[in-house]
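Peer 1: Spelled out, the chains give:
2 protein chains.
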Amino acid sequence: MKNREAEQNKQATFNKGKSREKDPLPSWNNGQAKQTIIEFIKKVTDPGNAQFVAMEDRIAVFDNDGTLWTEQPYYSQMAFLLDRIDDLALQHPKWKKEQPFKALLQRDLKNALSGGLKAISEMIMATHAGMTTSDFDKLIKAWISKALHPRFEKLYSECVFLPMLQVLEYFKSSGFRNYIVSGGGIDFIRPWSKAIYGIPPSQVIGSSIKTQYKIVDGQPQLWRLPEINFIDDEEGKPVGIFANIGQQPIAAFGNSDGDIQMLEWVTSREPSLGMIIKHDDALREWSYTKDTLLGKLDHALVMASDKNWIITSMKNDWRTIFSFMD
Amino acid sequence: MKNREAEQNKQATFNKGKSREKDPLPSWNNGQAKQTIIEFIKKVTDPGNAQFVAMEDRIAVFDNDGTLWTEQPYYSQMAFLLDRIDDLALQHPKWKKEQPFKALLQRDLKNALSGGLKAISEMIMATHAGMTTSDFDKLIKAWISKALHPRFEKLYSECVFLPMLQVLEYFKSSGFRNYIVSGGGIDFIRPWSKAIYGIPPSQVIGSSIKTQYKIVDGQPQLWRLPEINFIDDEEGKPVGIFANIGQQPIAAFGNSDGDIQMLEWVTSREPSLGMIIKHDDALREWSYTKDTLLGKLDHALVMASDKNWIITSMKNDWRTIFSFMD
Ligand SMILES: [Ca+2]
Ligand SMILES: [Ca+2]
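So the protein sequences, as listed, match chains S and P.
Residue numbers for the first sequence follow the working numbering, so the first one is 257 and each next one is one higher.
Residue numbers for the second sequence follow the working numbering, so the first one is 257 and each next one is one higher.
Bound-form chain S, shown alone (with noise of 0.2 Å):
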């Protein structure tokens, strides 16, 4: 009898240490990286821990473009607002003359951005607002389902961080609820974040338009109106943390300064985990830092050292970038 309990605890022990031993994080290289996100997770979920969070506090924000997602040469969103001009255009031939269309149409996209926040907004208008909100979830899943990449021409939904899943899955199965939180449009995110990222359309935070209840076609339906409603940016982004869960998340994930509000917020209290992923793996993915028009990486990198906020590099943190690549 005692031999047969000995041998149950060895196997239990040794089960133990296989399991222990199983890589949350396969595609990370070991580094500090990798390291403090496990050490994070371990603490935040080991009851005898004088860190441990209770489940229901275990909350994680992750910032999407760029963060999940590659976000060059152009943020995916504009890709579909590119398409959307070239649909549309067929029904309106002056913008053939009219900016920013006409610049667009040539993807000229220098001169169509050069006319600042108002031709922005008449591009997101004309192409996101003036139908319902099951018609523009149509198209989101049209589009996403087949439009490509231009430099990797594979699906902008295989155009995902193949660590990053691996760390939403970790924080997931960890007792995390996952939330993305983009300056991005939210519409344009939760059409597809279920199938792609493992998040509810609940748990997506983003900027947005104003929408309307009425009646279309004697059915009650939400209609998206050509007006900015919020912009989940900089400090809108803990506003919009706020206003949507209604608690102070504990592990952030971000890559520009459009992060920094978040990352503070987030890590202004222990235990936190503040984490900012940098593009510097121009072979593999991109390689840019403060240079770049789009996910700009400045202040956010100065404070990171004093702030505690671990700096990913792509390069040498993340042994796969995408797993057409594996």
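Quick caveat, the hints were computed from the structure, so don't treat them as lab data.
Don't take every hint at face value.
Identical copies look the same in the list; a pair holds intra-copy or inter-copy alike.
Stated by the list, open to error - No farther apart than 27 Å at their CA atoms in a straight line, the calculated lysine-lysine pairs in the DSS-like style are these:
id: 1; residue 1: Lys470; residue 2: Lys563
id: 2; residue 1: Lys546; residue 2: Lys470
id: 3; residue 1: Lys470; residue 2: Lys358
id: 4; residue 1: Lys374; residue 2: Lys466
With chain S's structure known, arrange chain P with the ligands on it following the hints.
Peer 2: Just chain P with the ligands, lined up with the frame of chain S:
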């Protein structure tokens, strides 16, 4: 062997019968309202039924004041506001002479509200803004733990409708996510919704004032500004639901004309359930429909039969109203 199997089958059938007989809504009298709720839950959770709904789409929305707890003689949030006016009056001696504060201090609500939206906005901003979200959270928690309802002399958290607590529990245990969708302040409800309704802060939708991210005493905070952000009533209810969840619920409970658009939107698809709580029990609670300042129920009653919304009579359908009466 055969006999044993027969016995087991018999037992299984018996157990099944027993569990079927277990009443999920013991504080509801038998009748159309109770029957409709039970049949709805059965069909949407039965994978064999043509109207089966996947778990991720089982979303139910509940108005708060007058639907989940009593709203007479005035909204609980108004009671909080009055108590806070008293507390703050010491720092604002001129309130004794200034409307609407003078009338509020004298508990002359009719006069206080005679100033219309401008007066209401002044009262709200004086009592609900000008502090951090964490300080407001503490204020509400302190208030709800001790303030007593003027008629029942019970904590407000005890003035919740027992039959509705059973509905919340029944829906939740049937795989639903329950959301509060209130015309009242989201940050007034979130501090206690989990403890009282089992609904976490992220599942509360309500009216809100704007917040601003700023550093207060060296700590990042969200500061409550004296400016309306969103009114979650009438057309605002479907708008607020979609902004927060990104999905259309399949069940809605309300008690006044402010819930018409929410009910109409939710019940514009099948399967769905729309229900109106009718206050017709002056003895145990209150009796009011269209002749009331708060919770006016007029058009919704007219629309109900055409829209297939079920009217719940508090007098006839509810065996008990409050647990302290049980
Ligand atoms: Ca970004
Ligand atoms: Ca109500």
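Peer 1: Against this structure, judge whether each hint is valid.
Peer 2: Hint-by-hint comparison with the structure:
1. For the homomeric pair lysine 470 and lysine 563, the shortest alpha-carbon distance between copies (17 Å) is at most 27 Å, but the shortest distance inside one copy (47 Å) is not.
2. In the homo-oligomer, the alpha carbons of lysine 546 and lysine 470 lie at most 27 Å apart only across protomers (25 Å), although the nearest pairing inside one protomer, at 45 Å, exceeds that limit.
3. In this assembly of identical chains, lysine 470 and lysine 358 lie within 27 Å of each other by CA distance neither inside one copy nor across copies; the values are 33 Å within and 41 Å between.
4. Taking the shortest alpha-carbon separations for lysine 374 and lysine 466, both the intra-copy value of 17 Å and the inter-copy value of 24 Å come in at or below 27 Å.
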